[in-house]
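Enquirer: If you want the building blocks of each chain, they are given just below.
Number of protein chains: 2
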Amino acid sequence: MTDVVLSLDDIHSLASKCLTVHGCDANNANAVADVITAAERDGCHSHGLMRLAGYVAALDSGKVDGHASPEVQQLAPAVVRVDGNGGFAPLALAAGRAPLIESARKTGIAALSLVNIHHFAALWSEIEPIAEAGLAAIACVSYMPAVIPAGGNKALYGTNPFAFGWPRRNSPPLIFDQASSVMAKGEVMLAAREGHALPDGVGVDADGNPSNDPDEVLKGALLAFGGHKGSSIAMMIELFSGALIGESHSFEAKERDNGDGGPPQGGELIIAMDPNLFGDADGWADHAEKLFDQILKQDGARLPSARRYHNRTSALTSGVTMSEAVYEKVVALSKANDA
Amino acid sequence: MTDVVLSLDDIHSLASKCLTVHGCDANNANAVADVITAAERDGCHSHGLMRLAGYVAALDSGKVDGHASPEVQQLAPAVVRVDGNGGFAPLALAAGRAPLIESARKTGIAALSLVNIHHFAALWSEIEPIAEAGLAAIACVSYMPAVIPAGGNKALYGTNPFAFGWPRRNSPPLIFDQASSVMAKGEVMLAAREGHALPDGVGVDADGNPSNDPDEVLKGALLAFGGHKGSSIAMMIELFSGALIGESHSFEAKERDNGDGGPPQGGELIIAMDPNLFGDADGWADHAEKLFDQILKQDGARLPSARRYHNRTSALTSGVTMSEAVYEKVVALSKANDA
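For the record, the sequence lines run as chains U and H.
Numbering-wise (the working numbering), the first sequence opens with residue 173 and increments by one.
Numbering-wise (the working numbering), the second sequence opens with residue 173 and increments by one.
One chain only, chain U, in its complex shape:
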């Protein structure tokens, strides 16, 4: 298979053009292209150009408004809400980020809720600018049913990722971003495409029986990571991005969705804390590094996000390598409504 090498600018232009062709205005196209480019840059290809097909499907079906203009509301001194007005998440988040950071710097801790958005990106890229602004942050989002509640037999929770970011003085932020399922759905899809069997304990088939066949698991459901503990976390995420902020739980998002393959309407919650206002303004940054040193002292242990930052360095200097097939698909998609 032939590969192509694209610069990050190439990727951004390609994504932006494709989204524009399918009905996004410049603000929305740029915001989505930013997260797609960041994913390709950091080696997270499952959240990169491959997602364009889903974004485009949601625009073409009219489910998502490519001209949406988000509205920001300060609901309380430490609570910012952004109504995405039916657009993709990135522009809504961009609108809420500065008010969130400003609130957290005043009150010490603050929350940002995004409602009426369509979320299809990775959380780490959303957390990173908040951590770069010097704040510790967590974020979570639900989706559509994919994960079984512990003890049950039917998908109810989304794969519900949970992300955490910690600001560092002389390094990019430490960030983890992990699905509540044992394996991310994108990885199962990859296994299906490549014909690999899944390890035990990843998922069940449509009848609720354990299966190692990725195709069967895609028709069935995934298990939460760590048994009932991961299931509890998935449930908390449903409440944080659902009932708490007045948005859909995963099962409600599915009931409402038109099945076009693009992201459903849903909500997201981000919490940011300013460590300078927690009592150890002079010490916290160095103190955290002592913990990181202890982790890195152990052979085989590494800090979350280390691999992404390594990929980033390489992408910034040498661009991103991808198969010509993936590239051609995106090019074709960009012309679909061009004729």
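Hints were generated in silico from the structure; no laboratory data involved.
Small disclaimer: the values here were computed from a predicted structure and weren't measured.
One should not assume that every hint holds.
Heads up, the list lumps identical chains together, so a pair's fine if it works in one copy or across two of them.
Here are the simulated DSSO-like cross-link-like pairs (lysine-lysine), alpha carbons at most 30 angstroms apart as the crow flies [unchecked claim]:
no., residue 1, residue 2
1, Lys426, Lys391
2, Lys278, Lys469
3, Lys235, Lys462
4, Lys278, Lys391
5, Lys469, Lys357
6, Lys469, Lys391
7, Lys469, Lys326
8, Lys189, Lys326
9, Lys235, Lys189
10, Lys391, Lys462
11, Lys278, Lys326
12, Lys189, Lys507
13, Lys357, Lys391
14, Lys462, Lys357
15, Lys507, Lys326
16, Lys391, Lys326
17, Lys469, Lys426
18, Lys326, Lys462
For this one, chain U is given, so just place chain H on it according to the hints.
Expert: Chain H only, in chain U's frame:
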């Protein structure tokens, strides 16, 4: 083995007397006796009267000040800090709870940090009154090294429990409280006492090799739940109850501890949110119940805390049954310095 049945008042008096004999003033003795009684009431015996030996050891060695008087400081509009002044956690938490709730009701979200405390209780009993006041809450605390960072081979993180509480209108709050290790250390100790082998994947021996022998694992270390995902959560908890609030990480707590078997000095972080200030004041409570209905509709699935509330009902009417041996140990402990 003969059993004894104690009323909750009996348990509270017994615990309170024991703590007083070993140097607690009435406020501290009552606050600790409250959490011990709550644990016995809800069937969590590993956090009940069995813990008195550890509390007493820490008082006898002079590590913990039984007359400590906590000091409350409002560090920012949404950040409350309580300095426990070297006492046990319960009195510090009791001092910080009302300011935390008040702050969250004003700003929407607020944090409570406890520093200079010695924590030896379960988090669910700390979260419950906050959720009963109508707030959603999370809490986390570190301890001493017991859990291996993913990929490593040596204990670094504490068992680091994470708890979540959600207020309900016609039921007691939904609460989960789970260790970051696959199995709680108390359960491993129970297996050791009863001579049961541990399941695969719970822990390693002192050389870092997988072991099913609870005695070897107690000399070695535990694995985080869900592989690297649970390990990431344990790391986040270290930062939240350590660097963020200016308190020790687990490895620092151990370096400083005198090894008396009682709880080390450490910190705790609690975050509370007022759902009435997140944009769906009229709807959030019923909306969450719809999610809970979906969980309970699945055969075999249950809500976290259901078992505890069931035990509680029985304890309130019929008291708590325990072996005479456990009871006699506590009675003996209560007389230790009496002579």
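Enquirer: Against each hint, give a clear statement of whether it holds in the structure.
Expert: Structure-based check of all given hints:
Taking the closest pair of Cα atoms, Lys426 and Lys391 come within 30 angstroms of each other only inside a single copy of the chain (15 angstroms); across copies the shortest separation is 49 angstroms, beyond that limit. Neither within a single protomer nor between protomers do Lys278 and Lys469 lie at most 30 angstroms apart by alpha-carbon distance, with minima of 37 angstroms and 44 angstroms respectively. For a Cα distance limit of 30 angstroms, the shortest separation of Lys235 from Lys462 across copies, 25 angstroms, qualifies, whereas the shortest one inside one copy, 48 angstroms, does not. Proximity of Lys278 to Lys391 under the C-alpha cut-off of 30 angstroms is found in neither arrangement, the shortest distances being 48 angstroms within a copy and 46 angstroms between copies.
Only between protomers do Lys469 and Lys357 lie at most 30 angstroms apart by alpha-carbon distance; the minimum there is 24 angstroms, versus 33 angstroms within a single protomer. In this assembly of identical chains, the alpha carbons of Lys469 and Lys391 lie at most 30 angstroms apart only when taken from different copies (21 angstroms versus 43 angstroms within one copy). Only between protomers do Lys469 and Lys326 lie at most 30 angstroms apart by alpha-carbon distance; the minimum there is 10 angstroms, versus 42 angstroms within a single protomer. For the identical chains of this complex, Lys189 and Lys326 are neighbours neither inside a copy (40 angstroms) nor across copies (50 angstroms), given an alpha-carbon limit of 30 angstroms.
For the identical chains of this complex, Lys235 and Lys189 are intra-copy neighbours only, at 20 angstroms inside a copy versus 66 angstroms across copies, given an alpha-carbon limit of 30 angstroms. For the identical chains of this complex, Lys391 and Lys462 are inter-copy neighbours only, at 25 angstroms across copies versus 46 angstroms inside a copy, given an alpha-carbon limit of 30 angstroms. For a Cα distance limit of 30 angstroms, the shortest separation of Lys278 from Lys326 qualifies neither inside one copy, at 44 angstroms, nor across copies, at 40 angstroms. Taking the shortest alpha-carbon separations for Lys189 and Lys507, only the intra-copy value of 9 angstroms comes in at or below 30 angstroms, while the best inter-copy value is 80 angstroms.
Taking identical chains as interchangeable, the C-alpha atoms of Lys357 and Lys391 lie at most 30 angstroms apart only when both belong to the same chain, with a minimum of 12 angstroms there against 38 angstroms between chains. Taking the shortest alpha-carbon separations for Lys462 and Lys357, only the inter-copy value of 25 angstroms comes in at or below 30 angstroms, while the best intra-copy value is 35 angstroms. For the homomeric pair Lys507 and Lys326, neither the shortest alpha-carbon distance inside one copy (40 angstroms) nor that between copies (55 angstroms) is at most 30 angstroms. For the homomeric pair Lys391 and Lys326, the shortest alpha-carbon distance inside one copy (11 angstroms) is at most 30 angstroms, but the shortest distance between copies (40 angstroms) is not.
Taking the shortest Cα distances, Lys469 and Lys426 sit within 30 angstroms of each other only across copies (18 angstroms), while inside one copy they are farther apart (45 angstroms). With identical chains, the CA atoms of Lys326 and Lys462 are at most 30 angstroms apart between copies only, with a shortest distance of 16 angstroms across copies and 44 angstroms within one.
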